[in-house]
Structures are given as structure tokens and as C-alpha cells.
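Now for the letters of each chain:
There are 2 protein chains.
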Amino acid sequence: MTLGSELAEQPKVVRRLLAEGWPDARECGRRLARVEHLTLAARGSSDNAATYGKYLFEGLAGVVTALAAPSLVTRYGLAPSFARGGVIGISQSGAGPDVAAVVSEARAARAATIAITNRAGSLLARSAERTFLLRAGPERAVAATKTYTATCVALALIAATLAEARGRSALSLAGLDLALDEAVGLDPEARRLARAIGRPRHIVVLGRGFEYASALECALKIKELGRIWAEPYSSADFLHGPVALLRKGTPVLVFAARGSTGSEGRSTVDGLRRRGARLYAVTNDPAIAERADGAVLLERPLSEALMPITFVVVAQHLAIALARLRGLDPERPAGLSKVTRTR
Amino acid sequence: MTLGSELAEQPKVVRRLLAEGWPDARECGRRLARVEHLTLAARGSSDNAATYGKYLFEGLAGVVTALAAPSLVTRYGLAPSFARGGVIGISQSGAGPDVAAVVSEARAARAATIAITNRAGSLLARSAERTFLLRAGPERAVAATKTYTATCVALALIAATLAEARGRSALSLAGLDLALDEAVGLDPEARRLARAIGRPRHIVVLGRGFEYASALECALKIKELGRIWAEPYSSADFLHGPVALLRKGTPVLVFAARGSTGSEGRSTVDGLRRRGARLYAVTNDPAIAERADGAVLLERPLSEALMPITFVVVAQHLAIALARLRGLDPERPAGLSKVTRTR
Numbered sequence: 128m129t130l131g132s133e134l135a136e137q138p139k140v141v142r143r144l145l146a147e148g149w150p151d152a153r154e155c156g157r158r159l160a161r162v163e164h165l166t167l168a169a170r171g172s173s174d175n176a177a178t179y180g181k182y183l184f185e186g187l188a189g190v191v192t193a194l195a196a197p198s199l200v201t202r203y204g205l206a207p208s209f210a211r212g213g214v215i216g217i218s219q220s221g222a223g224p225d226v227a228a229v230v231s232e233a234r235a236a237r238a239a240t241i242a243i244t245n246r247a248g249s250l251l252a253r254s255a256e257r258t259f260l261l262r263a264g265p266e267r268a269v270a271a272t273k274t275y276t277a278t279c280v281a282l283a284l285i286a287a288t289l290a291e292a293r294g295r296s297a298l299s300l301a302g303l304d305l306a307l308d309e310a311v312g313l314d315p316e317a318r319r320l321a322r323a324i325g326r327p328r329h330i331v332v333l334g335r336g337f338e339y340a341s342a343l344e345c346a347l348k349i350k351e352l353g354r355i356w357a358e359p360y361s362s363a364d365f366l367h368g369p370v371a372l373l374r375k376g377t378p379v380l381v382f383a384a385r386g387s388t389g390s391e392g393r394s395t396v397d398g399l400r401r402r403g404a405r406l407y408a409v410t411n412d413p414a415i416a417e418r419a420d421g422a423v424l425l426e427r428p429l430s431e432a433l434m435p436i437t438f439v440v441v442a443q444h445l446a447i448a449l450a451r452l453r454g455l456d457p458e459r460p461a462g463l464s465k466v467t468r469t470r
Numbered sequence: 128m129t130l131g132s133e134l135a136e137q138p139k140v141v142r143r144l145l146a147e148g149w150p151d152a153r154e155c156g157r158r159l160a161r162v163e164h165l166t167l168a169a170r171g172s173s174d175n176a177a178t179y180g181k182y183l184f185e186g187l188a189g190v191v192t193a194l195a196a197p198s199l200v201t202r203y204g205l206a207p208s209f210a211r212g213g214v215i216g217i218s219q220s221g222a223g224p225d226v227a228a229v230v231s232e233a234r235a236a237r238a239a240t241i242a243i244t245n246r247a248g249s250l251l252a253r254s255a256e257r258t259f260l261l262r263a264g265p266e267r268a269v270a271a272t273k274t275y276t277a278t279c280v281a282l283a284l285i286a287a288t289l290a291e292a293r294g295r296s297a298l299s300l301a302g303l304d305l306a307l308d309e310a311v312g313l314d315p316e317a318r319r320l321a322r323a324i325g326r327p328r329h330i331v332v333l334g335r336g337f338e339y340a341s342a343l344e345c346a347l348k349i350k351e352l353g354r355i356w357a358e359p360y361s362s363a364d365f366l367h368g369p370v371a372l373l374r375k376g377t378p379v380l381v382f383a384a385r386g387s388t389g390s391e392g393r394s395t396v397d398g399l400r401r402r403g404a405r406l407y408a409v410t411n412d413p414a415i416a417e418r419a420d421g422a423v424l425l426e427r428p429l430s431e432a433l434m435p436i437t438f439v440v441v442a443q444h445l446a447i448a449l450a451r452l453r454g455l456d457p458e459r460p461a462g463l464s465k466v467t468r469t470r
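Chains as they are written, first to last, in my numbering: chain A, 128 to 470; chain B, 128 to 470.
Hints are all accurate, no fakes.
Mimicking SDA-like on lysine to any residue, the simulated pairs with C-alpha atoms at most 20 Å apart in a straight line are:
1) B/Lys375 to A/Leu455
2) B/Lys375 to A/His329
3) B/Lys139 to B/Pro150
4) A/Lys375 to B/Leu455
5) B/Lys465 to A/Arg402
6) A/Lys375 to B/Gly454
Calculated from the structure, these hints are not laboratory results.
Chain A with its partners taken away, still in its complex shape (with noise of 0.2 Å):
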């Protein structure tokens, strides 16, 4: 039960971020103050991670952020021009040869760097000029828990105090604590809508905008756990072609949050079931509730670009719930390692 009792953890593990993580995080955005732009670089779960962050970094501090391509660094012999801006390398173990590459070529030309890790003295803590520690105790499943949101909340700690550096209008966290408390309580509903769900061999998962991220790091999670071919895409992308894999009664799961995203979510949610998808959704949006075949909504007041934070609790449920139903054990993932280095 290490996947579980770390996936219950998270709440603790987020309190002792919010109570201890300012001080780092504000290291973290005085170093970032004034660069032109942002790198994030990262594997995995990671990766998903830093998709959120492009939004934060983007959407809350104002700063263009994209996404590293590791393999022009350790393959091409080909890295841009890091010069003037930010790297921050996103990584668990911190022992990617990859990541930690990417952040070095990056120090190297006097870029700000800086590591978000599980492990003070990792390779990659070792790469960066600072190091936010994520706090959350060592992580044993193989499937990452509470190190996925705890990075999330090091990115939304980052990224709050740079856009303050920056002139832009405050994040509020409040709530996040709360929400994570009721998001963990949400198990049994989680596994009802598995039940729902069934045992498909392909599902569509959806997210727009912030919740983009969420889709990504949910369908890997049932990839990985429950072996069944889970399509992430952002709801635009998917109508820009993959939508022509949806036959009568394929699900497609919606991470959809009330606010600014509101109500393209329900005419993506009305659209599909009237192509005869079988629609399950995360949401704290009632109305998309309704719509849907099954779904678990949560209740509890929160800024709208945290939601991807909670949601990805219930995702965390909902994969090892398939994954149950399909006879699987996600304490032991198929062919999976706990930390894949990449060179």
C-alpha cells in the first residue's frame, strides 16, 4: 500500500510547502526577476508538471516559457541560446542525466538556473545555481503521488512570487489545503466512476487550458497502471482530427473547471455525446456534472488556475481504481523503474 498511503499523504505534504516553501520559492523568483524568458526541462510525470507551469508561467508571471528538447543538448550538440533567460529542471530522483544536462549547458551560459527536487544533492540539486525542495519525503511507489503535486505547488509558490517581482496580479492560495483534504476524501466517488467507466481498452482524456496538464499527467497514470491506451489531448487539438476515433460508446473523460473554460467545457461535453461518446468528467462545474454519463465533482472554493492541483488527486484515484478493475496491481506497474535515466 505505498502507493496509496503516499497519494493520502498529499495534504500534509502540501501544508508543509505552503508553511516552509516561501522562502525558497522567493530565492527562486528574485533569481528569475528580470530574464527574458523561461525553460522548463523535465521527463515523465515531470514533464506534465512543467506543462502546468508554462501556464502559470505564462498566464500569472507574464514570462514566454517553453518546453526544453533535452536531445539538442545531449544529442545534437545543438543548445539555443539559454543566455538571458531562466532553465528550471523539474525531476523527482533528480538523477536524469538528461535534465540535469540541459540545466548545466544552461548555467554554463550564465542563464538562472534552478533545480525543483525531491533530493537535496542530486545530480540535478548539484546542476543549478538554487534548489526548491519539494519536502515530501522519500517516494517509493513507482507511480508519482505526492511529488507530481507537490512540483505543481513548488511551480505555483515560483511563479506567484515572480509575478509580484513582475508587476502582475497576485495568486491567492488560499484554500488549496482544504481543497486537497476533500480531493484525497474523494476516493469512493473516484472508484465509482471507474466502475462506470468499466474496463475499456482505449479512453479519450481531455483538458483545456490549465486542466491541459491534468489530462496529460491522468492518462499517463492509466497507461501506466492500468495498461489501457489513453489519449490525452487538449479539447481543441482534439477536434483538429483525433476526434475520428470516437465510436458509439467510447469514453472520454473531461477534466473541466468552472470560470473562464466553463462553458466551451459544456458544449465540448454536449458536442461529444451527441457523436456518441459515453462522457465521464472531473469537475467542480455542476452543470457539466449533469451532463455526464458518471462523474466526481468537487465542492470546495478554489482559484481556478490551482484546480489542475486537486483534479489530479481524483485522476490518482481513478487510475489505480482501472487499474483494480483490470486484475492489475499498481503497486507494480509492468516494466516500469522507478527512476529512468536518460541520457
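On the provided structure of chain A, position chain B as indicated by the hints.
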């Protein structure tokens, strides 16, 4: 046979661009000469071309390059500060409101703005300061072929002029025309490869570095035309989780170029075959073709950075052949229209 004839036109379209496109490219290159960063805004196939463009602009011209998150502009009213950067909007039709909105936002902030489109006078062309016109002639098939390769060539021409302006080493386009002739002629080999792959419900499509875009575009075509669940991944990221999807006999298609990623490509192929995958390749590396259960081998010499433009033509042949094997009409993909207008 609209699709087939547009596919076959590609060498002509590319020759026309190589003959007539340089003045547009130099205009664009001059406008971008001093930007601090680049953002590429696109959807669907054009977004896959943008991924290729990211590797060109970062690797050859040295400019940190982000892919746009259009919803920050169109949904959240939280655009990043584009002021000191460049934004390139890419759309065959030029009709997508969200891509044009990102370009307009950037232009209002006095960023350098460029449209790459096949339609002079389109919404996108009117939104940008400069237009690179694809000159591909009308594209009527729903699945993009010639406008995809034309976009890739446009990006290569612009990146080449920008690399020169920034004192980075030049990109040679020598041999691109002949390499495209070869690729268009490989239809029988692609059909043979399709028969070897058969009629799977799923396929994994991998590419590394510059070839990552080939994997994305090939998977999209296979989804659109063949209605097969095609999972595209960087081979580096695939090993971080999604590898759990593999079962004995799962088909994996690899785009693998000789050169910087060559030895890694060979060990990826060996590793996945050991895990029981049926391994197929589009490659110019005889050692990879030999290791695979089926391959299309390209032989014309061409710069590694340009290989994706020829590999993708083989991918188009392959997607059409896979669709036909399943009794589908690639001229009329299910549920799709040519222009998708995301707001």
C-alpha cells in the same frame, strides 16, 4: 484521388518554395533577427510542423522557442508578454480564430509577427506584419499533405536566414528536392510496410529529436485516416511510463535517422524487440532497417535536420495504406472537416 494527387505534388511544391520562397524567408529572418524568444502558434498538423520548427529555431538559429498556449489569450485574458519576442502563426487556411488571436495580441504588444499560410488575405495573414506564403495551391483533401511539407520547408528557410543573421552555422538545403522525389516514389514500399503491420487497433509511433515531429504527424494521420489508436512519443519519454502498454506483438513504428541519434535509435529498436514488440521503421539507416520486422529505407543523402520532411511523406503513404487495409476511404475521414475554427 484528391489526397493522392496532393501527396504526389509535394516535390513540385517544395521546388517552387526553394526557387521562390527565399525573399519571404529573408524578410521574416530580418524581422526576427533581434528577438529574445519565439512563440509558434498552431493547431493540428500545423502544430506538429511547429514542433519541428522548435527544433530548427532552437537548434539552428539558437533562439529559445515556445509552442503557444492559445487559451491564455482567448479564454483567460492572461497573455504572456510577447513584446521583445517573435510570434509565428501557422495555419494552412489562415482561418483559425485562436491562432490569429495570439498573433494579434503579440502584434499589439509590438512583437515581431509572422504568418505562415497558404492563403494570402486570410484572417491570419491580415493579423501578422509579414506573411510567408506557402504557394502550395489549393489543398482540398481533409488530411494535410503538401501544406504540411511546405510549412516545414518554410520554417527551414526562415530558420536558415535567422541562423545566418545570428552568426550560427548555415543549414544546407541541398538535395531536398531529390530526396522528396525518392520519398514520393516509395509508395509500394510503404504499402508493403502497411501489409506487414496489418490491421492493429493500436500502434506506438516513436521519434527522437528532430524526428519527434515525424512521430506526432504520422500518429495524427493514422488516427484521422485509419482510425487506429496511434500513440506518438519521443522514444526517451516512452520509456518513462507508456512502455507499460506493450504486450507481445504490439506494433511499434520508429522514425530513425542516421547521425546524432543513430546509436540510440538502434538500441531503442533492440530494447523494444526484446520486450516483444513488432518493430517497424522509417529510416535512412540500413542497420535499423535490418533489425526491424519491416522497414522503408530512404537512401538519398540529406542533412539530418531535414530528414523529417522526407520521412513524413512516407508516413502519409503509410497512413493511407493502413486506412485502405481497414476498408476506410482516406478521402473521407470520419467526422472531420477541412477547417476547424477554435476560438
